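Chains as they are written, first to last, in our numbering: chain A, 1295 to 1658; chain B, 58 to 357.
Derived from the structure by calculation, the hints contain no laboratory data. Since this is a predicted model, take the numbers as computed values, not measurements. Hints may be right or wrong, so weigh each one.
As a list, the in silico EDC-like pairs of lysine to aspartate or glutamate whose alpha-carbon atoms are at most 20 Å apart [unchecked claim]:
{"id": "1", "chain 1": "A", "residue 1": "Lys1471", "chain 2": "A", "residue 2": "Glu1422"}
{"id": "2", "chain 1": "A", "residue 1": "Lys1537", "chain 2": "A", "residue 2": "Glu1552"}
{"id": "3", "chain 1": "A", "residue 1": "Lys1314", "chain 2": "A", "residue 2": "Asp1357"}
{"id": "4", "chain 1": "A", "residue 1": "Lys1653", "chain 2": "A", "residue 2": "Asp1592"}
{"id": "5", "chain 1": "B", "residue 1": "Lys177", "chain 2": "A", "residue 2": "Glu1365"}
{"id": "6", "chain 1": "B", "residue 1": "Lys265", "chain 2": "A", "residue 2": "Glu1422"}
{"id": "7", "chain 1": "A", "residue 1": "Lys1566", "chain 2": "A", "residue 2": "Glu1656"}
{"id": "8", "chain 1": "B", "residue 1": "Lys155", "chain 2": "B", "residue 2": "Glu247"}
{"id": "9", "chain 1": "A", "residue 1": "Lys1639", "chain 2": "A", "residue 2": "Asp1592"}
{"id": "10", "chain 1": "A", "residue 1": "Lys1539", "chain 2": "A", "residue 2": "Asp1616"}
{"id": "11", "chain 1": "A", "residue 1": "Lys1387", "chain 2": "A", "residue 2": "Asp1402"}
{"id": "12", "chain 1": "A", "residue 1": "Lys1566", "chain 2": "A", "residue 2": "Asp1510"}
{"id": "13", "chain 1": "A", "residue 1": "Lys1574", "chain 2": "A", "residue 2": "Glu1453"}
{"id": "14", "chain 1": "A", "residue 1": "Lys1387", "chain 2": "A", "residue 2": "Glu1347"}
{"id": "15", "chain 1": "A", "residue 1": "Lys1410", "chain 2": "A", "residue 2": "Glu1351"}
{"id": "16", "chain 1": "A", "residue 1": "Lys1518", "chain 2": "A", "residue 2": "Asp1643"}
{"id": "17", "chain 1": "B", "residue 1": "Lys181", "chain 2": "A", "residue 2": "Glu1557"}
{"id": "18", "chain 1": "B", "residue 1": "Lys261", "chain 2": "A", "residue 2": "Asp1402"}
{"id": "19", "chain 1": "A", "residue 1": "Lys1518", "chain 2": "A", "residue 2": "Glu1656"}
{"id": "20", "chain 1": "B", "residue 1": "Lys177", "chain 2": "A", "residue 2": "Glu1347"}
{"id": "21", "chain 1": "A", "residue 1": "Lys1541", "chain 2": "A", "residue 2": "Glu1655"}
{"id": "22", "chain 1": "A", "residue 1": "Lys1424", "chain 2": "B", "residue 2": "Glu300"}
{"id": "23", "chain 1": "B", "residue 1": "Lys261", "chain 2": "A", "residue 2": "Glu1388"}
{"id": "24", "chain 1": "A", "residue 1": "Lys1401", "chain 2": "A", "residue 2": "Glu1388"}
{"id": "25", "chain 1": "A", "residue 1": "Lys1537", "chain 2": "A", "residue 2": "Asp1618"}
{"id": "26", "chain 1": "B", "residue 1": "Lys181", "chain 2": "A", "residue 2": "Asp1602"}
{"id": "27", "chain 1": "B", "residue 1": "Lys265", "chain 2": "A", "residue 2": "Asp1602"}
{"id": "28", "chain 1": "A", "residue 1": "Lys1518", "chain 2": "A", "residue 2": "Asp1302"}
{"id": "29", "chain 1": "A", "residue 1": "Lys1631", "chain 2": "A", "residue 2": "Glu1655"}
{"id": "30", "chain 1": "A", "residue 1": "Lys1625", "chain 2": "A", "residue 2": "Glu1655"}
{"id": "31", "chain 1": "A", "residue 1": "Lys1367", "chain 2": "B", "residue 2": "Glu300"}
{"id": "32", "chain 1": "B", "residue 1": "Lys261", "chain 2": "A", "residue 2": "Asp1510"}
{"id": "33", "chain 1": "A", "residue 1": "Lys1639", "chain 2": "A", "residue 2": "Glu1610"}
Example chain A residues on the side facing chain B (calculated, C-beta under 7 Å, incomplete) [claimed, not checked]:
{"id": "34", "residue": "Leu1346"}
{"id": "35", "residue": "Gly1352"}
{"id": "36", "residue": "Phe1355"}
{"id": "37", "residue": "Tyr1381"}
For every residue, glycine included, the Cβ atom is placed at its ideal position computed from N, Cα and C.
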Amino acid sequence: MKTLKIEDLSKNFGSTEVLKKINLEIDEGNFLVLLGPSGCGKSTLLNIIAGLETINEGNVFIDDYNVSKVEPKDRNIAMVFQSYALYPSMNVKENMIFGLKQAKTSKDKIKEQLEKVSKFLQVDQLLERKPSQLSGGQRQRVAIGRALVREPRIFLFDEPLSNLDAKLRVEMRREIKKLHQQLKTTVVYVTHDQTEAMSLGTKIAIMNHGVIQQNDTPENIYNKPNNTFVADFIGSPSMNLIKGKLKQSSNIISFVAEGSNLEIPIDNYNFKANDNLNNKEVFFGIRPEHIFFKKLNDNDLEITLRADLSEYIGHEQIMTFDYDNQEILAKFPSTIKTELSKETKLYFDLTQVSLFDAKTEERI
Amino acid sequence: MQDSLQSSYRQLEQKSKYTNIFLRWFLYLVLILFASYFIFPLYVMIVTSLKTMEEIRQGTLLTWPSSLNFDSWAVAWGGRGYGAGDTFLKPYFWNSIKMVVPAVFFSTFIGAMAGYVLTKWRFKGDKWVFLFLLFGCFIPYQAILLPMARTLGVLGISNSVIGLVLVHTVYGIPFTTLFFRNFYVSVPTELVKAARIDGAGFFKIFFKILLPISAPIIVVTVIWQFTQIWNDFLFGSTFSFGEAAPIQVALNNMVLSSTSVKEYNVDMASAIIAGIPTLIVYVLAGKYFIRGLTSGAVKG
Chain A
1295 MKTLKIEDLS KNFGSTEVLK KINLEIDEGN FLVLLGPSGC GKSTLLNIIA
1345 GLETINEGNV FIDDYNVSKV EPKDRNIAMV FQSYALYPSM NVKENMIFGL
1395 KQAKTSKDKI KEQLEKVSKF LQVDQLLERK PSQLSGGQRQ RVAIGRALVR
1445 EPRIFLFDEP LSNLDAKLRV EMRREIKKLH QQLKTTVVYV THDQTEAMSL
1495 GTKIAIMNHG VIQQNDTPEN IYNKPNNTFV ADFIGSPSMN LIKGKLKQSS
1545 NIISFVAEGS NLEIPIDNYN FKANDNLNNK EVFFGIRPEH IFFKKLNDND
1595 LEITLRADLS EYIGHEQIMT FDYDNQEILA KFPSTIKTEL SKETKLYFDL
1645 TQVSLFDAKT EERI
Chain B
58 MQDSLQSSYR QLEQKSKYTN IFLRWFLYLV LILFASYFIF PLYVMIVTSL
108 KTMEEIRQGT LLTWPSSLNF DSWAVAWGGR GYGAGDTFLK PYFWNSIKMV
158 VPAVFFSTFI GAMAGYVLTK WRFKGDKWVF LFLLFGCFIP YQAILLPMAR
208 TLGVLGISNS VIGLVLVHTV YGIPFTTLFF RNFYVSVPTE LVKAARIDGA
258 GFFKIFFKIL LPISAPIIVV TVIWQFTQIW NDFLFGSTFS FGEAAPIQVA
308 LNNMVLSSTS VKEYNVDMAS AIIAGIPTLI VYVLAGKYFI RGLTSGAVKG
């Protein structure tokens, strides 16, 4: 049984296609993050799961039951919003039990749930306060509490941390993670913040232009991006994509960058298909953190490039190098002394390389 | 170098000091001028209403009354006590109250509902509905007199307070809808979404969630509608006459139908009485008026 299943879902607003044939499945207890740039359709998808938005095509199943035409309140879900959406005229207690009262829950049960949840979230001292008297973090907690008291099958989070300041965001992120570890309820979480996605999700679905680009574990998303969009979107700074061609002679495959003569050997790379690799136009992808200042592994490739720019950011520095007129970024510890406008020896970790077809931009 | 730089700064400082002093005095002068310009008619009205006719004939507009004489106020409110031709404000004052209270209530309520639907329950073509409603704000009163008279006739409520309530409610809806729509646009729609997930329906969301936070805009709408309807003369004089007339029409009749001598003191007292309710409403709720007009955002 899948806790949530989305089948061939399409949605358009007027002539704009927001979601195109989305298919998605979540197993019980998973934490799925919908990640993507603004306007990619992730929030619309979440609203559709909640039943707040109608569907043009396709179906949504919760516990294998088709809920496409079921009202939001009857879907066994609870949602936490970006602006918290606490009812301004009600105090914390009234906010938290509003849904239970609508569902005609018995008074004893409401009291029991309220006590349990407010203790659990440490808002039991705030029950009489109005939302306007709470700090951002407290509001966030109450909003989560309002979702918790309903004991839903699925939690939906719509960018719940983006209204908080940086420090609080990191704190609340950890609390949400803890919450999920303790409750083990299925979660669908929308964000545009990759750090949030990576640290929270057991699965990440990266979306762009209404299409899921990759739905995978955080490790695979980071190490084996499906296409150049995912490669570029994840990581900060994002993966270097060097344009060039593959060269195949007998059994040895190598990469040659545009305008360069240097052949980078590609071995131990899992090609999806082994045919027609010779002269194929590709992007050679390597993350800035996989370029080193000194040789760490035996297989590291030594390469000499000119340093153009250095950005110091405390715990590390981001250096820009010139690779035959293509920019390459590398991340070093800030303790390393570097000199600009000088040829520098670098070491590429070739076990961490990704290759993409230059035309389709898909991983090969 | 250092010295010349310092002295040039000193000169600049002196100059800006004199300019500031001058501007400040100029500002006060203009303010006082305008304030007296606006207060002058009110002063004349109050002073005249307290004088006897004798004093009015002998003194000037600005002379202070010899004693506080409220006789003309009593005449304006309750009449002189003889039968025919004695027009006084009391019955018409209650006509106006009977007209203004339901008309303000219904137009505000319907406007709130309409604003709620137009912002939180969007439907196809809602922009057009709003546009046509806005259009209603710009139709001159005179243009709807004839069709409205016909409508009231067909409904059988011409020359009645109920008829005026209907006219003012209908004519008020474009304005009240505009106010509430603009207010509810700034209320996060996520509130409605959250309430829907919590199981609240259309009316519950309106009464339990939106209406309790609408106090500022309700005050604005009530003041606006109250002032408009209370001060209306055109609709009142067109759609009612005789005993059903509202206070502004009666005031006009009173002032114009004076038989022999013009009793300025009674006229002034009547005019003040007719204006007092709007003043009271504004004094009681005025600070919310400014606040409601300027702020719209609901935080939290």
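Hints, verified against the model:
{"no.": "1", "hint": "A:Lys1471 <-> A:Glu1422", "result": "violated, 28 Å"}
{"no.": "2", "hint": "A:Lys1537 <-> A:Glu1552", "result": "holds, 6 Å"}
{"no.": "3", "hint": "A:Lys1314 <-> A:Asp1357", "result": "violated, 23 Å"}
{"no.": "4", "hint": "A:Lys1653 <-> A:Asp1592", "result": "violated, 33 Å"}
{"no.": "5", "hint": "B:Lys177 <-> A:Glu1365", "result": "holds, 17 Å"}
{"no.": "6", "hint": "B:Lys265 <-> A:Glu1422", "result": "holds, 18 Å"}
{"no.": "7", "hint": "A:Lys1566 <-> A:Glu1656", "result": "holds, 10 Å"}
{"no.": "8", "hint": "B:Lys155 <-> B:Glu247", "result": "violated, 40 Å"}
{"no.": "9", "hint": "A:Lys1639 <-> A:Asp1592", "result": "holds, 15 Å"}
{"no.": "10", "hint": "A:Lys1539 <-> A:Asp1616", "result": "holds, 18 Å"}
{"no.": "11", "hint": "A:Lys1387 <-> A:Asp1402", "result": "holds, 15 Å"}
{"no.": "12", "hint": "A:Lys1566 <-> A:Asp1510", "result": "holds, 17 Å"}
{"no.": "13", "hint": "A:Lys1574 <-> A:Glu1453", "result": "violated, 41 Å"}
{"no.": "14", "hint": "A:Lys1387 <-> A:Glu1347", "result": "violated, 28 Å"}
{"no.": "15", "hint": "A:Lys1410 <-> A:Glu1351", "result": "violated, 40 Å"}
{"no.": "16", "hint": "A:Lys1518 <-> A:Asp1643", "result": "holds, 15 Å"}
{"no.": "17", "hint": "B:Lys181 <-> A:Glu1557", "result": "violated, 60 Å"}
{"no.": "18", "hint": "B:Lys261 <-> A:Asp1402", "result": "violated, 24 Å"}
{"no.": "19", "hint": "A:Lys1518 <-> A:Glu1656", "result": "holds, 11 Å"}
{"no.": "20", "hint": "B:Lys177 <-> A:Glu1347", "result": "holds, 13 Å"}
{"no.": "21", "hint": "A:Lys1541 <-> A:Glu1655", "result": "holds, 18 Å"}
{"no.": "22", "hint": "A:Lys1424 <-> B:Glu300", "result": "violated, 51 Å"}
{"no.": "23", "hint": "B:Lys261 <-> A:Glu1388", "result": "holds, 14 Å"}
{"no.": "24", "hint": "A:Lys1401 <-> A:Glu1388", "result": "holds, 13 Å"}
{"no.": "25", "hint": "A:Lys1537 <-> A:Asp1618", "result": "holds, 11 Å"}
{"no.": "26", "hint": "B:Lys181 <-> A:Asp1602", "result": "violated, 56 Å"}
{"no.": "27", "hint": "B:Lys265 <-> A:Asp1602", "result": "violated, 62 Å"}
{"no.": "28", "hint": "A:Lys1518 <-> A:Asp1302", "result": "violated, 25 Å"}
{"no.": "29", "hint": "A:Lys1631 <-> A:Glu1655", "result": "violated, 36 Å"}
{"no.": "30", "hint": "A:Lys1625 <-> A:Glu1655", "result": "violated, 25 Å"}
{"no.": "31", "hint": "A:Lys1367 <-> B:Glu300", "result": "violated, 55 Å"}
{"no.": "32", "hint": "B:Lys261 <-> A:Asp1510", "result": "violated, 42 Å"}
{"no.": "33", "hint": "A:Lys1639 <-> A:Glu1610", "result": "holds, 18 Å"}
{"no.": "34", "hint": "Leu1346", "result": "holds, 5 Å"}
{"no.": "35", "hint": "Gly1352", "result": "violated, 21 Å"}
{"no.": "36", "hint": "Phe1355", "result": "violated, 18 Å"}
{"no.": "37", "hint": "Tyr1381", "result": "holds, 5 Å"}
Of the numbered hints stated above, those contradicted by the structure are hints 1, 3, 4, 8, 13, 14, 15, 17, 18, 22, 26, 27, 28, 29, 30, 31, 32, 35 and 36, listed in ascending order.
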